[in-house]
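Chains as they are written, first to last, in the working numbering: chain A, 9 to 595; chain B, 2 to 338.
Rather than coming from a laboratory, the hints here were simulated on the basis of the structure.
Relax, there's no trap hidden among the hints.
Chain A regions said to be covered by chain B (calculated; three or more residues, Cβ under 8 Å): (1) 88-101; (2) 264-275; (3) 283-295.
Restraint ranges, calculated between C-beta atoms of paired labels, are given here: (4) B:V136 x A:D293: 25 to 31 Å; (5) B:G21 x A:A239: 38 to 44 Å; (6) A:P349 x B:L315: 36 to 42 Å; (7) B:F316 x A:D293: 34 to 40 Å; (8) B:I109 x A:N379: 48 to 54 Å; (9) B:G192 x A:D119: 47 to 53 Å; (10) B:V156 x A:A549: 54 to 60 Å.
Example chain A residues on the side facing chain B (calculated, C-beta under 8 Å, incomplete): (11) P180; (12) E181; (13) G240; (14) A260; (15) A301; (16) D303.
Backbone N, C-alpha and C define an ideal beta-carbon position, used for all residues, glycine too.
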Amino acid sequence: MKLGRNVGARPLWAVFLVMAMVMAACTGTTTDTTGGGADTTTDGGEAPATTGGEPSDTTAPPTGGVTNPETFVHAADDEPTSLDPAQVEAGEGGETVILQVYDRLVEFTPDGPDLIPGIATEVPSTDNGGISEDGTVYTFTIREGVVDHEGNPVDATDVKYSWDRALTMDLPESNVGLLADTVASTEAPDASTFVVTLTQPNAAFLNSVVTQSVASIMSEEFVEANGGVEAGTPNEVIATNPVGTGPYVFEAWNRGENMLFTVNESYWGTPANLDLRIEIVPDPDVRVLGVRAGDYDTIETDPSFVGDIEGAEGVTVFQGEFLLEPIHIGFNLNYPVDQLPPEDTVPADFFYDPLIRRAFNHAFDYEAFVNGALGGFGAPTPFYLPQGVLGYSEDLPVYSQDLAMAEQLFRDAGVWDEGFTVSVIAEGGNLFEIAALVLKDSLEGLNPNFTVNVLALAEAQFDEAHASDPVPYALWVKNADPFADPHAFQSEYMDPEGNWGQVHGMANGYQDPETISSMIDEASVITDPAEREAIYHELSAMFYDDPMWIIAGNEVAVMAYRDWVQGFVMNPLWPRPSLKFALFDKG
Amino acid sequence: MQIRDYVLRRMMVLPILIIGTSLIVFTLTRVGGSPIGIYLSHEMTPEEVAEVEQRYGLDEPLPVQYLTWAGGMLTGDWGWSGVAAAPVRQVFPDKLGATMELAVAAGIVAVALGIGLGTYGGARRDRLPDHLTRVFSISGAAMPIFWFGILLLIVFWVGLGWAPIGRSDADIFQSIAHPTGLYTVDAVLAGSWNALVDAIWHLILPAIALGFGTTAIITRMMRSSLVETMGEEYVDAARAKGLPEKLVLRRHARRNALIPTVTVIGLSFGFLLQGTVVVEIIFRWPGLGRWMADAVLRGDQATIMAYVMFTSVLFLLVNLVVDVMYAYLDRRVVLGA
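Just chain A, same shape as in the assembly (with noise of 0.2 Å):
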């Protein structure tokens, strides 16, 4: 016997039926649009669809194809740790956050590396009398009628209380040294004025110190009314619920979600056009598919995923200037052999030699790492002047590869015939490891003796291992620090007294580790750029013949962002992804 046709099925299709229905219903419902944009919306009149869903009720009617059209939505590659200036860590997504929420007394244009006047009325010089005669005393005028999001008022006892909170807390993981290390004592003689001493002349104090994320200001009042300040100890109320005087209002952290933000009206500058929301998509992948869908206005993204992007609809691939934060190799020169993996078979002063670090630095395939992993976006990098930094010029003398020298050197050095085992370290997963493997396959394609154990580890062990003294493998890779002034890096990474200059025992490798630190010390305190820039390119063709790093390249800023973004800029002095998001507007 048949059985009917429908037996069985119907409330399957009836289940099916409403689902269409409800889906084309709330389509049509969704797309809120605004007027204009013709011309910077390459859709071809088609409305993308919004966050999905959203009722009617809740958005603004359809006018022209503009997502989302009261709120800008930047998608973030991760969560952030710390919302707190005096905790956040450089080069951290709280870092957005905080320059989005703060204000600093001085911040870099939009366009470059020229100084405006944030919450101080004007940047302090020697011409206006705000930098005195020896250069160790800056005396900042503070803008009247400065009030915080809570409208507590914010003068200059309330930047005398930011500092010196970031000072007291003292917290490791953030960036406290660049005021701990430059910051003599600080003053605020009456509600106005702000007058800071240095221990010594500091050429780059406006620029990689006052701009910096820990040098943002909040209000007394409101930090000593949420826990106040302890030595050590972080404050989690500020931690989460940051309150500033910045464009925008922190309103919510959904914790894997997002974070929202609303505009400031009563901000003392151009208030922003936007209200603001942060989605946190840590997969690159989704967030290359989000801009395409119009739910993201702008995203972060990498030159990997530019082929992805090119050629989509409404879409924008933006190629900036140059990240502050190289990937490089460090050798270490300070490791312990016993605790080596006991498969290398390198010797204690293996990288004291500098033809050794030569031949590395030769034979590394530079190309196939930037054409390849940055897929073009990136360039060799002199030692240690990124571009973008005073003393960068493109004369300066850069490693690239090869073979014939990286061999000659090797045998000038006698291990061409004995051959190696190194171990080198990476965060698996990202373009960290990438170099690691590059690395392998150039030495190991070089010489079948020399071999390279890339060692991918998790974050976590990756950042303990890269946190001892002495650090237990003899190469790791990672990025640099962005910083906006050339001394943090020569300090950071040249300097054989500095931090990675005496835990990699750099004293070991240089020729004339003196010279070289008297130098840095002499080039961070004089004032005129000029000078300035001759003696760092004096350093930086020693250290290409005394390398203490391979720079594997330089990337790109890369972001994506849709057509219907106004006033896109992208400012790499300004934390990553360096964007002000109070600057856009969409239409």
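Guided by the hints, dock chain B onto chain A, whose structure is given.
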């Protein structure tokens, strides 16, 4: 032994089991290394690392660290999640709610579609609809979730613009309270039709992605079971009585065919929970799976330990309840044996 005595005895043993479990969890986690890595930044000096160790009590001897941690678990201080940048205890309920809501939605999709399609195909054995449902179930079992999920996003999010991503619309989310962490329930409690539609709307794609594999299994099970049942003598007897085929199917065949299928459905829920890791990553769903994957990859031991401890204690409690239920329902079970 009386049930009351049995329950009391089990309750007295429970704390010992929980302490034993906590010791195992703590020891096994520490075998993997110190939890300090997640709290470090890249450029810390050894002195700064020592400061961080002191802050989190990691400079203390291991027994002291264990007691601190165990005491914290009892008092509600489950540690600081480096991945979520918040106390574990604060984040956990939200993440758990998100995952449970997704798993239940996927379960509903799987059961509704699986039984429906299985019945449809089984009732039309070896005809076109039967072949189609079999193709459907094979493809569901064969397709990796991550690929299917991305496919759904490309078609329904990017291409057609019909479906959203994430768990909710940000504005609607902010407009209602979230006492349960289950957005659909919260929406009903708040009496907000908009929020309910929004919550369901955001659930559809990830629930389909997560439930597809299970749908396929249930479909296949239901179809096979129905085909077998339709050949039973009591079905022939029902037909011989002159019952319409529709009633024969509904009242006799399908009901009996459901018995083995229900067993499979029960077992499938664990499969759904496993799949949430991938689906939550792809669909930006802020649940336990994504959080745990992050925690494992980044070495966030406070989060991992809290999760393992939570599930272990839950398992112990459920086990206790099940044992007591057995004893209550079936008096032949010898208590305390």
